[in-house]
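Chains as they are written, first to last, in this note's numbering: chain P, 1 to 225; chain R, 1001 to 1236.
Please keep in mind that the hints were generated in silico from the structure rather than gathered at the bench. Note that the structure is a prediction, hence the values are computed from the model and not measured. Each residue gets a CB set at the ideal place from its N, CA and C atoms; glycine is no exception. Misleading hints may appear alongside valid ones.
Reference listing, derived: stretches of chain P covered by chain R, where coverage requires no fewer than 3 residues with Cβ under 8 Å from a Cβ of chain R [to be verified]:
hint, region
1, 3 to 14
2, 69 to 80
3, 83 to 96
4, 192 to 204
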Amino acid sequence: MDLLNQTLLLLWKDLLLELRRRESLLTMFFFGTLLLFVFHFSFDFAPDKVAEMAPALLWLAFLFTGTLGLTQLFQVERENHCLDALLLSPLDRGALFLAKTFFNLLLMLLVELVVMPLFWILFNLQGWNLLPQLFLVTLLGTVGFCVLGTMMSAVTLRARARELLLPLVLFPLMIPVILATIRCMETIMRAGDLGDAWSWLRLLLGFDVIFVTVGILIFDRVIED
Amino acid sequence: MRLIIDRLSKAYGFLWALRDLSVALESGDLVALLGPNGAGKTTLLKILAGLIAPTTGSICFDGNPQKTSVPRARTGLLMPADHLYDNLTIRENLRFFLSLYRQSSDSHIIDSALKDVALFERSAEFVGNLSSGMRCRLSIAKWRLLQPDLLLLDEPYGVLDGSGIDLLEEFLQQQIQNGGIVVIASHHVSRALKLCSRALILKKGRLTFNEAKQQPWPSFDHAFGEFLPHGERWIS
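Could you put the whole structure together from the sequences, leaning on the hints where they help?
Below, the structure is given as structure tokens:
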């Protein structure tokens, strides 16, 4: 209960600060939209290639946009050494991990809610009825991205070139999530339902559960000196 | 209440910031931590606060190792202009930190603390708009509300005006009367000495002086004299 209360308190603080600064969400939103337009002018899908290409391109946009958000994730804590103030307190470090993960997840989901339909419109794709299922898969993939991204942001927090280092450390570790999400989405777009995608979906779920648990357990060692 | 520092050392790469430091502090001690720039004062405060880990040695606060949750809830670190969120208001900052320490964040408690530090009228302002002195006053209000048993202060005098210093010193006296331990790292020697019950002098990471206050204090005058600018003399 204490973990939940502390997580909510930190999340409230982060949302309030984001509402006032409007830095991360606006940057992510514009960057995500910009990428879609670049893809739109660069690629022309043949109808039989849509199922293969669309999920990969969409996730490329999410990855770049999400990484942009991750580089700003601990920025408010870096200013005025506020991270020290948090670490000085009796705060459960797991709560800090959960709050940062939820905050990043919320920003990414807001961006994805706009970017996904826009992608469908720009590429004139069929199958609008598949969007809820695709969004469910994207949600699981995004959870995995945010969990691992928060961990790696904390790992690179004290590094000198952290903005450059973060994607180098994060992307290789993200391969199972990216692969599973893209394969799931591809199956849904081909077959019209989850069908054969269950094994990939289980992999995604397993990844999310394992890394959320590991994150809560080891975040104190990651974030402290 | 006892704070026992045993053979504490901290290395940054090949540089020893602290070497073999051992001190025992008791409830009611107000310690002036003195020494030239780079002597290791801030490093010692950060280790005592549990923010950085020592390379060797240990700290025991009332029987608990320092990097556990019990000492965390009872340790305060006052850095004059730091540890506050610029884009939260004065009131929101206090409410946030009170909740973080699981203490009541009722409006009347916050109002009263802000009145004490003359910030009540500005309670809806963002901390980012405050001067360093005002931020320091807010930090004082914060730690007055949180009531830590071990209070560490890093150069608190530099940004405060006269009434701010009075406010700070009144708060520190209160802490001592309540049985707390206070450690002040400062270059304002006369102010720190006026309040303290013990002085520690660090030089290149080593503890070169550790004595309870006396009046007069020739051993301190001798130990501290070498840090004064050329041609000046120090008489406590």
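Hints, one by one, checked against the model:
1. Residue count for the region 3 to 14 of chain P with a Cβ under 8 Å from a Cβ of chain R: 3. That meets the three needed, and the coverage hint holds.
2. Residues of the region 69 to 80 of chain P lying with their CB closer than 8 Å to a CB of chain R number 3, which satisfies the three-residue condition for coverage.
3. Counting residues of the region 83 to 96 of chain P whose CB lies closer than 8 Å to any CB of chain R gives 8, so the stated coverage by that chain holds, three being the minimum.
4. Only when three residues or more bring their CB closer than 8 Å to a CB of chain R does the claim for the region 192 to 204 of chain P stand; here the count is 0, and the claim is violated.
Of the hints listed earlier, the one the structure fails to meet is number 4.
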